[in-house]
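Protein chains in written order, with this note's numbering: chain E, 12 to 297; chain B, 12 to 297; chain Y, 12 to 297; chain Z, 12 to 297.
Calculated directly from the structure, the hints in this document are not laboratory data.
All values reported here derive from a predicted model rather than from experimental measurement.
Any given hint might turn out to be false.
Which copy is meant is left open, so a pair is good if it fits within one copy or across any two.
As the list claims (entries may be wrong) - Lysine-lysine pairs mimicking BS3-like chemistry, simulated, CA-CA at most 30 Å apart:
hint, residue 1, residue 2
1, K161, K79
2, K158, K99
3, K79, K100
4, K79, K213
5, K216, K100
6, K292, K216
7, K74, K297
8, K158, K109
9, K79, K109
10, K74, K109
Number of protein chains: 4
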Amino acid sequence: MAGKQTITLTITCPDTVGIVAAVSGFLSEHDAFITEAAQYGDPFSRRFFMRCVFIPGALSPPKADLEKRFSLIAQRFQMIWHMHDAEKKARVVILVSKFGHCLNNLLHHYHTGSMPFEVPAVISNHPDMQSQVEWNQIPFHYLPVDKADKTSQERALIALLDDLDPDLVVLARYMQILSPELCARVSGHCINIHHSFLPSFKGAKPYHQAHTRGVKLIGATAHYVTTDLDEGPIIDQAVERVDHTHTPDDLVAMGRDIENVVLSRAVRYHIEHRVLMNGAKTVVFK
Amino acid sequence: MAGKQTITLTITCPDTVGIVAAVSGFLSEHDAFITEAAQYGDPFSRRFFMRCVFIPGALSPPKADLEKRFSLIAQRFQMIWHMHDAEKKARVVILVSKFGHCLNNLLHHYHTGSMPFEVPAVISNHPDMQSQVEWNQIPFHYLPVDKADKTSQERALIALLDDLDPDLVVLARYMQILSPELCARVSGHCINIHHSFLPSFKGAKPYHQAHTRGVKLIGATAHYVTTDLDEGPIIDQAVERVDHTHTPDDLVAMGRDIENVVLSRAVRYHIEHRVLMNGAKTVVFK
Amino acid sequence: MAGKQTITLTITCPDTVGIVAAVSGFLSEHDAFITEAAQYGDPFSRRFFMRCVFIPGALSPPKADLEKRFSLIAQRFQMIWHMHDAEKKARVVILVSKFGHCLNNLLHHYHTGSMPFEVPAVISNHPDMQSQVEWNQIPFHYLPVDKADKTSQERALIALLDDLDPDLVVLARYMQILSPELCARVSGHCINIHHSFLPSFKGAKPYHQAHTRGVKLIGATAHYVTTDLDEGPIIDQAVERVDHTHTPDDLVAMGRDIENVVLSRAVRYHIEHRVLMNGAKTVVFK
Amino acid sequence: MAGKQTITLTITCPDTVGIVAAVSGFLSEHDAFITEAAQYGDPFSRRFFMRCVFIPGALSPPKADLEKRFSLIAQRFQMIWHMHDAEKKARVVILVSKFGHCLNNLLHHYHTGSMPFEVPAVISNHPDMQSQVEWNQIPFHYLPVDKADKTSQERALIALLDDLDPDLVVLARYMQILSPELCARVSGHCINIHHSFLPSFKGAKPYHQAHTRGVKLIGATAHYVTTDLDEGPIIDQAVERVDHTHTPDDLVAMGRDIENVVLSRAVRYHIEHRVLMNGAKTVVFK
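Next up, chain E with everything else stripped away, as it sits in the complex (with noise of 0.2 Å):
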């Protein structure tokens, strides 16, 4: 059965009768075996929303000859769609600056194979983590921020990012902000984590906020970037409970622990296509 590895359907369309039908007909016609599926239809948006998991059988086309006789279905339903190879390992590229823990966990779900992605660079706009992410035999590039002339350096990174074509770019505390047009070319595949549990304390130092505001738990939210500072679709959140004894610094070191959980289930989200956009929001399958 060669080529005939496992495929991650995802599909996003006006929702109506017999979508589920079709798509499960299709695969079920051309000895496919479903081993994961779920399906969503929003009542507010009316769009549907699915995601399967198949193997191809014995007597499965190609996939190249599945997608095109799929292609019939899906213009039918106006589908935003894509079979993805299931096996075949996302590129994630990791954007860090000083603060290195979610970056060391993501090294380590790559370097132990726990979460199967490749990562072809990392970028920081501070040279700290180098010795680190090289210890990992992962290319590091140095891109540092002129303070005078902040667009040079992205002009960099827009180059380099067009040059490693990455599914994924992760901003594990990347701490700049993107311009328009470096957010437009991400859109959709850039996950920035942010240590707030959003829509409170966006902005810069939230644990900072949150001492200051007295709350009894704080979080941390993994989204897609927008052009919207820290209101792009939200992919993931978490909190843990807090009390008056906790200094600002106590806040940022319980903090991180909630942001690597949280990042790194948000990356597992993405690379497993489990995440699929409804206009502002997000639906996850899980």
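For this one, chain E is given, so just place chains B, Y and Z on it according to the hints.
Below, chains B, Y and Z alone, put in the same frame as chain E:
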């Protein structure tokens, strides 16, 4: 469209190719619009589970006809299946002893209509809850237990349940061990709330056990009742953080909140037909 | 030992050397046995907070004498302090509108004695809860709001509260904005439950706001009422995980459980004198 | 003020009147400023526990003198006590087998200084982690286990630990059962991470046990090692929600995050002297 109310279809069968295609094809052909669907193939038990909520369309036949036609598909795939009228309220009989918090919480859901079920009766081995139950205009049955002859109370209980014919029996801190005969009669539609995070602390006084062991989280577990005490399939669990300052009485008090939340979720899952049995475990389509 | 009941001492003062020594020395010299104590020095506000529960011994003077003698220490350290008779039940007046879940939960605590407070009255701008309140043998005051003249209802409310002289006013989903005058009168002893994880989603319909933003956790916040709407000092918060399938109505339903737990915890903390004000924040000695 | 660094005082003794007064009076008389204090009297064991962080003042004697003078008070109350130099970094020896996530997490805390401890050595029965440990410039000791003669490896391990004289030994998924002799030697300063919510699922393959039982939450437990396997005093626990779709491998993957968080919290509590033993339980002053 008289008689064409929302229908919830549940299916369990051996896993194989084409089930989703057959079911969704059938519904599509009969003009039914799927509003909610979830399925799961267990790679261990090789069983397939599906829950599907649909609205019959203008061209759909009446429910009885739909069922008759669907039975052909069901037979082909050896399905255990049911089409539930989604708008028919479940008949929930609640058993209680002296601790009334779970009863109070369920009655509040009943009273306000926030969970759609009827309560044809509350049964207790103590008279304490009578006034509150009757304030809700629900019949209260006082069946005291004679310690010298427990079986006579249970015979009365069985007769009463036979008479009431409930869709669900809830042991809302009933504190009596059911006989194997009664367990068998209510098998699959009797939910108990155990006041620990099972399988920790089975049996009596679990909060005291938790205090003695010095755990840092306490919990509660809603599970189907089987003859094997506290070993039935788990539907839902939750926990709360505790520390060294909490006495067993504190744990009991905190536990009430957890028990309320877990039990009411489990009841909702059950009456919305979201729980399917998978051997000694459950599939819960939330 | 007539009149020598458990006493809860609360203290707030500028932080300096020797406070704990002075307080514990005083108690020791007066034969009082400390059963619970907690203190906190805030390095930011440089304020010191202490809560101490003690049982007077055979040689302890009566409470009035103890207070008189303690006032010398209090003066020295510029303390805001109080000795509460720990066994005297707090008088808790509950305000409610049409959503009765928080009221029901608090009345259950009252009815079963699981939280030691009295309810001299329930006040509402709607008659819906009258029957349930009166079943608990609690006076129910129906104060409807005339939209053309809101102030007359509030005058009646203020007069009633003046008359009832409660230790705590609970806005159990009261859904009316209090005037600055009323806020000032109940300052420090009026708790509101807001149905969001503040500071996210202030104002009206927070669950709908949460649905629109696509958050992955929803929450509730219990806070002291101040003139600045939804900005008062936070006492407790909790959250629950949600996903894309949940409608605003689902969030409302799930939120009820969170609101119940958070509000009843906040009420317990308050009546046990566990909450001390620290500017716009709280110190909660759990 | 040479040599007058922050000091952490820990005390355990029989509970009685006047302990806090004596301790705080002593500190006040010796010009020490308390920055953090917590105490607890266990009504069951009738033991008293206290942790107090203070900064010696201009008039305070050197630490050795303070200790000498304090020993008189300590004797009077039969205290088990210690004055720890709060700024001295704890020496933490980490034992690991093949699963490196907890090691990686602890080394990241070490490397970035986010938790103040030294790692004089990492010891393993497998060579897998050598490269990563040595990249952190920490000595790595490979002590393979000969299945025919396990005791010789343990003798080498004991000799090494005797030599290293650590303040804390961390079993970061070490996967070897320690002999009673070794347990006794490290008693009170050896923390294990067990990958279940104890007391559920003791022993081997807890995530597989959890999968078989069908629990809806999985957890991890950090506890002190005793001769009674998985029965030592619990320091911290945490859980994460799972559902029917998760395979044992999924649970293992999710569990890594929980183990990391729980173990690093327990290590921090220990090295900050926040954990006091109360029989088979712990008092944790967070």
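Verification of the hints:
{"no.": "1", "hint": "K161 x K79", "in the structure": "neither (45 Å within a copy, 61 Å between copies)"}
{"no.": "2", "hint": "K158 x K99", "in the structure": "neither (39 Å within a copy, 40 Å between copies)"}
{"no.": "3", "hint": "K79 x K100", "in the structure": "within (23 Å within a copy, 47 Å between copies)"}
{"no.": "4", "hint": "K79 x K213", "in the structure": "neither (45 Å within a copy, 50 Å between copies)"}
{"no.": "5", "hint": "K216 x K100", "in the structure": "between (35 Å within a copy, 29 Å between copies)"}
{"no.": "6", "hint": "K292 x K216", "in the structure": "both (25 Å within a copy, 19 Å between copies)"}
{"no.": "7", "hint": "K74 x K297", "in the structure": "within (25 Å within a copy, 33 Å between copies)"}
{"no.": "8", "hint": "K158 x K109", "in the structure": "within (17 Å within a copy, 45 Å between copies)"}
{"no.": "9", "hint": "K79 x K109", "in the structure": "neither (47 Å within a copy, 46 Å between copies)"}
{"no.": "10", "hint": "K74 x K109", "in the structure": "neither (43 Å within a copy, 38 Å between copies)"}
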